[in-house]
Amino acid sequence: MEPSKYELKNGPVLLIREAVVQDARAILDYLEQMSGESDFLTFGPGEFELTEAEEEDFLRKYRDSDNQLYILGLIDDTIVSTLIFSAGRRRRVRHSGEFSMSVRKHYWGLGIGSLMLDTLIGWARATEIVKKINLRVRTDNQHAIHLYERKGFVKEGTIRKEIFLDGTYFDQHWMGLEL
1 MEPSKYELKN
11 GPVLLIREAV
21 VQDARAILDY
31 LEQMSGESDF
41 LTFGPGEFEL
51 TEAEEEDFLR
61 KYRDSDNQLY
71 ILGLIDDTIV
81 STLIFSAGRR
91 RRVRHSGEFS
101 MSVRKHYWGL
111 GIGSLMLDTL
121 IGWARATEIV
131 KKINLRVRTD
141 NQHAIHLYER
151 KGFVKEGTIR
161 KEIFLDGTYF
171 DQHWMGLEL
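Numbering-wise (our numbering), the sequence shown opens with residue 1 and increments by one.
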């Protein structure tokens, strides 16, 4: 995947590119910062426990795969967004995978999530392998659900009590996009 640059609504330039092994430390720092910014994530502060070496191995796995993707959104060389698409390895499920995405709270509302998702969809179509993109999203995350529906994703089911946070259970929608 070739890196792409986009001018955002308020002026800064967003660079979207594939993550490389040398990004491991910066990604771990980003994830720790993100963990305290949104309750919509599946992890909170101190819960993302990969070592730098484990993250490097994770990044190598994605770089060597023809049906998985790990991209970063950067502004001034600082990570402001990540998107990870994980697909099956076996022949029967190689065509299908699930993604997760995050954007730093300071950068919400600038279209970064939309650009990251467009990048994933374009890449998936170009692979000629990926035919289905799936995601899980909390049912109360209306902003994200609206974005996914705008991109053509449809609700395929609801997973009850998928997330437990501060004494409360939250449901998640399973959504998918057929390419």
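Hints were generated in silico from the structure; no laboratory data involved.
A virtual CB, placed ideally from N, CA and C, is assigned to each residue, including glycine.
Incorrect hints may have been included.
[Stated by the list, open to error] No farther apart than 16 Å at their CA atoms in a straight line, the calculated lysine to aspartate or glutamate pairs in the EDC-like style are these:
1. 5 with 76
2. 155 with 178
3. 61 with 76
4. 155 with 98
5. 5 with 149
[Claimed, not checked] Here are the in silico distance ranges between beta carbons for each label pair:
6. 179 with 26: 26 to 32 Å
7. 164 with 65: 28 to 34 Å
8. 136 with 46: 21 to 27 Å
9. 7 with 159: 21 to 27 Å
10. 166 with 5: 38 to 44 Å
11. 146 with 4: 19 to 25 Å
12. 12 with 89: 34 to 40 Å
13. 162 with 7: 35 to 41 Å
Quick rundown of the hints versus the structure:
1. 5 with 76: holds (11 Å)
2. 155 with 178: Given pair residue 155, residue 178 holds - Cα atoms ~12 Å apart, limit 16 Å.
3. 61 with 76: With Cα atoms ~27 Å apart, residue 61 and residue 76 exceed 16 Å; violated.
4. 155 with 98: This hinted pair holds, its Cα atoms lying about 14 Å apart.
5. 5 with 149: violated (24 Å)
6. 179 with 26: 26 to 32 Å: holds (31 Å)
7. 164 with 65: 28 to 34 Å: holds (32 Å)
8. 136 with 46: 21 to 27 Å: Cβ of residue 136 to Cβ of residue 46: about 22 Å, so the range 21 to 27 Å holds.
9. 7 with 159: 21 to 27 Å: Distance hint for residue 7, residue 159 is violated at roughly 38 Å.
10. 166 with 5: 38 to 44 Å: 39 Å Cβ-Cβ, so the 38 to 44 Å window holds.
11. 146 with 4: 19 to 25 Å: holds (24 Å)
12. 12 with 89: 34 to 40 Å: Between residue 12 and residue 89, where Cβ atoms are some 37 Å apart, the hint holds.
13. 162 with 7: 35 to 41 Å: At 37 Å between Cβs, range holds.
Against the hints set out earlier in the document, violations occur for numbers 3, 5 and 9.
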